[in-house]
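> Below, each chain spelled out in residue letters.
Number of protein chains: 2
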Amino acid sequence: MCAETGAPFPPSLPTLQQLNPAHARLCLGVERFCRQELALAPGSRLVLALSGGADSTALALLMHLLAPRLKLPLFALCVDHQLRPESAEDARHVEALCRRLGIPCRVRRQDVAACAKAWGCGLEDAGRRVRYALLEEERQAGNADWIVLGHHAGDLAEDVLLRLTRGAGWPGLAGMAAKDERRRVLRPLLFTDPEALRGLLRTRGIVWREDASNQDRTFRRNRLRLEVLPLLRRENPALDRSIVTLHQLGEMDGDFWEKLLDAALGAHPWQEVESDDGPGLLLPRALLAALHPAARLRLYVRALRALGETSGAQGQARGATLLALDEALGQGRGNTRFQLPGGMEATLRRGSITFKKSIHSPRSRARPAPVTPSTSKP
Amino acid sequence: MCAETGAPFPPSLPTLQQLNPAHARLCLGVERFCRQELALAPGSRLVLALSGGADSTALALLMHLLAPRLKLPLFALCVDHQLRPESAEDARHVEALCRRLGIPCRVRRQDVAACAKAWGCGLEDAGRRVRYALLEEERQAGNADWIVLGHHAGDLAEDVLLRLTRGAGWPGLAGMAAKDERRRVLRPLLFTDPEALRGLLRTRGIVWREDASNQDRTFRRNRLRLEVLPLLRRENPALDRSIVTLHQLGEMDGDFWEKLLDAALGAHPWQEVESDDGPGLLLPRALLAALHPAARLRLYVRALRALGETSGAQGQARGATLLALDEALGQGRGNTRFQLPGGMEATLRRGSITFKKSIHSPRSRARPAPVTPSTSKP
Numbered sequence: 000m001c002a003e004t005g006a007p008f009p010p011s012l013p014t015l016q017q018l019n020p021a022h023a024r025l026c027l028g029v030e031r032f033c034r035q036e037l038a039l040a041p042g043s044r045l046v047l048a049l050s051g052g053a054d055s056t057a058l059a060l061l062m063h064l065l066a067p068r069l070k071l072p073l074f075a076l077c078v079d080h081q082l083r084p085e086s087a088e089d090a091r092h093v094e095a096l097c098r099r100l101g102i103p104c105r106v107r108r109q110d111v112a113a114c115a116k117a118w119g120c121g122l123e124d125a126g127r128r129v130r131y132a133l134l135e136e137e138r139q140a141g142n143a144d145w146i147v148l149g150h151h152a153g154d155l156a157e158d159v160l161l162r163l164t165r166g167a168g169w170p171g172l173a174g175m176a177a178k179d180e181r182r183r184v185l186r187p188l189l190f191t192d193p194e195a196l197r198g199l200l201r202t203r204g205i206v207w208r209e210d211a212s213n214q215d216r217t218f219r220r221n222r223l224r225l226e227v228l229p230l231l232r233r234e235n236p237a238l239d240r241s242i243v244t245l246h247q248l249g250e251m252d253g254d255f256w257e258k259l260l261d262a263a264l265g266a267h268p269w270q271e272v273e274s275d276d277g278p279g280l281l282l283p284r285a286l287l288a289a290l291h292p293a294a295r296l297r298l299y300v301r302a303l304r305a306l307g308e309t310s311g312a313q314g315q316a317r318g319a320t321l322l323a324l325d326e327a328l329g330q331g332r333g334n335t336r337f338q339l340p341g342g343m344e345a346t347l348r349r350g351s352i353t354f355k356k357s358i359h360s361p362r363s364r365a366r367p368a369p370v371t372p373s374t375s376k377p
Numbered sequence: 000m001c002a003e004t005g006a007p008f009p010p011s012l013p014t015l016q017q018l019n020p021a022h023a024r025l026c027l028g029v030e031r032f033c034r035q036e037l038a039l040a041p042g043s044r045l046v047l048a049l050s051g052g053a054d055s056t057a058l059a060l061l062m063h064l065l066a067p068r069l070k071l072p073l074f075a076l077c078v079d080h081q082l083r084p085e086s087a088e089d090a091r092h093v094e095a096l097c098r099r100l101g102i103p104c105r106v107r108r109q110d111v112a113a114c115a116k117a118w119g120c121g122l123e124d125a126g127r128r129v130r131y132a133l134l135e136e137e138r139q140a141g142n143a144d145w146i147v148l149g150h151h152a153g154d155l156a157e158d159v160l161l162r163l164t165r166g167a168g169w170p171g172l173a174g175m176a177a178k179d180e181r182r183r184v185l186r187p188l189l190f191t192d193p194e195a196l197r198g199l200l201r202t203r204g205i206v207w208r209e210d211a212s213n214q215d216r217t218f219r220r221n222r223l224r225l226e227v228l229p230l231l232r233r234e235n236p237a238l239d240r241s242i243v244t245l246h247q248l249g250e251m252d253g254d255f256w257e258k259l260l261d262a263a264l265g266a267h268p269w270q271e272v273e274s275d276d277g278p279g280l281l282l283p284r285a286l287l288a289a290l291h292p293a294a295r296l297r298l299y300v301r302a303l304r305a306l307g308e309t310s311g312a313q314g315q316a317r318g319a320t321l322l323a324l325d326e327a328l329g330q331g332r333g334n335t336r337f338q339l340p341g342g343m344e345a346t347l348r349r350g351s352i353t354f355k356k357s358i359h360s361p362r363s364r365a366r367p368a369p370v371t372p373s374t375s376k377p
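Protein chains in written order, with numbering that gives the first Met the number 0: chain F, 0 to 377; chain S, 0 to 377.
Hints are not guaranteed to be accurate.
[What the hints assert, rightly or not] List of simulated lysine to aspartate or glutamate pairs, EDC-like, C-alpha gap at most 20 Å:
| hint | chain 1 | residue 1 | chain 2 | residue 2 |
| --- | --- | --- | --- | --- |
| 1 | S | Lys258 | F | Glu135 |
| 2 | F | Lys70 | F | Asp124 |
| 3 | F | Lys258 | S | Glu94 |
| 4 | F | Lys178 | F | Glu135 |
| 5 | S | Lys70 | S | Asp144 |
Hints listed in this document are in silico derivations from the structure and should not be mistaken for laboratory results.
Go ahead and model the full structure; you've got the sequences and the hints to work with.
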């Protein structure tokens with residue numbers, strides 16, 4: 000299905016001054032978010048991730064309007080997943096949009112279905128991995144600072160529900176980051192109501208392309224968005240706002256735990272250790288003994304991430320295992336090994352804990368092949 | 000509907016030794032929970048809250064089996080809400096059960112519908128208030144230590160979802176406490192699978208009464224349990240286990256924040272202040288300046304609770320307002336007043352904050368009448 004009708008774009012694109020008061024407020028709200036929450040420095044080079052859908056079309060328009068005010072050089076990448084017959088058409092739509100907005104745009108194609116098959120994972124997972132890998136390649140090739148994604152408050156609510164379902168801990172439960180330094184990702188629309196974005200596009204006569212796969216209930220994310228979230232919003236029409244508040248508390252807590260662990264590790268550093276199985280991290284007894292259990296749990300997660308563990312669908316199993324590990328530490332148990340999801344393990348020995356990749360896990364051997372996509376610049 | 004058939008109880012009640020291995024494990028798991036998580040001291044006097052439903056019937060049986068091992072004197076209270084024609088029959092069922100188990104039991108009747116009308120609140124809310132008030136009266140009259148409730152892991156999942164919907168913060172989002180010192184409440188079955196409880200009752204031929212109002216979708220809690228939770232469990236059949244893990248993390252974090260605030264308040268105490276509007280709490284500048292924003296947010300909640308604010312359905316509005324208050328503090332704003340839900344207000348002045356009951360709120364004037372129930376001991 001495609002919402003596109005007649006001429007792809009209205010005769011003239013709006014300036015910020017031509018927006019009605021509600022849309023000007025929306026635009027200035029995003030500007031404030033970029034300045035305050037994201038602390039986006041003037042001159043930052045941004046790669047916009049555009050799909051042709053409503054969210055990324057609104058992202059392109061808003062960043063186009065704000066770029067002169069925030070002094071942001073913009074580039075765009077459209078990744079054609081080749082999963083739907085109309086995907087090439089979507090990419091051409093993005094190119095046309097970017098021409099109108101004066102944003103340099105590249106399209107890169109990747110057979111995501113083939114990747115999913117080769118990697119033994121689902122289409123959603125493969126699509127996400129391909130997309131992020133290509134965006135990161137584009138960011139580095141263009142010497143850009145940030146990848147910019149169009150996720151909004153509806154996506155945030157969906158993500159929190161998905162994380163609750165998967166068994167995430169806290170503050171991970173508070174949803175995707177607005178600013179992810181490690182992955183160089185920004186989400187300037189994360190607190191914005193999606194209906195307001197569509198309203199802006201409609202009012203300005205800017206069309207977008209509907210991705211039929213967003214209605215496909217074989218994907219968990221779609222089932223949560225289409226079946227569960229409406230039931231929760233019926234109970235609380237302000238659900239998305241309250242999840243934004245929860246997210247802000249999560250960001251605060253994340254910052255708190257990072258700083259607390261920085262200080263603890265400054266006093267008692269962890270030690271990098273090498274074994275036949277590869278690198279590991281030893282958390283010394285003095286470090287562990289100095290921390291409250293709640294802080295130790297976050298230390299374990301930090302160590303696992305430093306070793307390359309990606310928190311995925313296994314949050315639940317990891318959380319329960321980390322609690323069991325910490326309980327064993329508290330009981331003074333010795334020489335105990337814990338298998339963790341994501342191909343990791345922890346060994347408890349005389350009050351210290353060593354994390355490393357597990358030689359017992361199939362995941363530590365079978366890795367996805369690197370992405371080597373074809374590239375086009377039509 | 001009533002599951003009761005024929006003789007109300009089997010000819011002989013089981014002893015712990017007569018249980019099959021799975022049910023013995025269930026029983027010993029509850030014992031371990033009582034000893035470790037609840038740190039239940041031998042000799043503690045317990046008032047069991049019994050309704051005649053499956054959960055509280057299983058609670059009565061399990062506590063009866065564990066009482067000799069844990070040296071726990073047991074008493075029971077059944078509150079007849081008089082909302083359904085069969086409620087008197089439910090109460091008689093509880094009395095018969097308690098006679099068989101050798102647990103002294105009282106029944107107290109209260110016209111909850113009339114209370115709801117008088118207090119201007121919903122039936123669910125009125126029922127909960129009446130129940131807790133009568134249980135607390137019974138606890139004090141019997142010189143008991145704890146009120147014991149039959150909430151299980153399914154109720155915990157339901158409560159977490161309810162709190163997410165209402166906009167709770169963290170660690171409140173992690174659900175009802177297993178041990179609530181302030182309200183003197185214990186929930187020994189909180190990590191137990193409800194199906195295991197029903198299985199125990201069925202195997203031993205112990206009947207329970209079904210409360211038809213549990214199917215009534217005019218209550219939000221029932222809608223979440225009957226409509227939303229099954230959809231989430233379809234995505235993750237281990238959802239309830241992962242929510243137990245989330246709850247454990249929440250308990251840890253709650254303990255962490257309590258201790259951190261104890262230490263901060265030890266160094267820079269808050270000050271009780273009196274005004275024409277009643278008592279308030281002044282958080283001095285030195286206290287606020289010494290804390291990370293994440294800790295200040297918890298300090299605000301602690302101050303509000305100390306002033307008698309009950310965190311209820313307004314979590315969302317409170318969270319957003321507390322974030323705005325803290326942002327204003329960070330910006331050095333002076334003489335700003337924030338209205339909070341629950342009839343409270345906060346005033347920011349020269350880097351300090353005073354919380355007190357708001358004279359502008361209707362809720363500070365209109366209070367529910369005290370509960371004065373009729374009592375029977377048939």
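> Would you mind marking each hint as holding or not holding in the structure?
Right, here's what the structure says about each hint:
no., hint, in the structure
1, S:Lys258 <-> F:Glu135, "violated (43 Å)"
2, F:Lys70 <-> F:Asp124, "violated (34 Å)"
3, F:Lys258 <-> S:Glu94, "violated (56 Å)"
4, F:Lys178 <-> F:Glu135, "holds (15 Å)"
5, S:Lys70 <-> S:Asp144, "holds (13 Å)"
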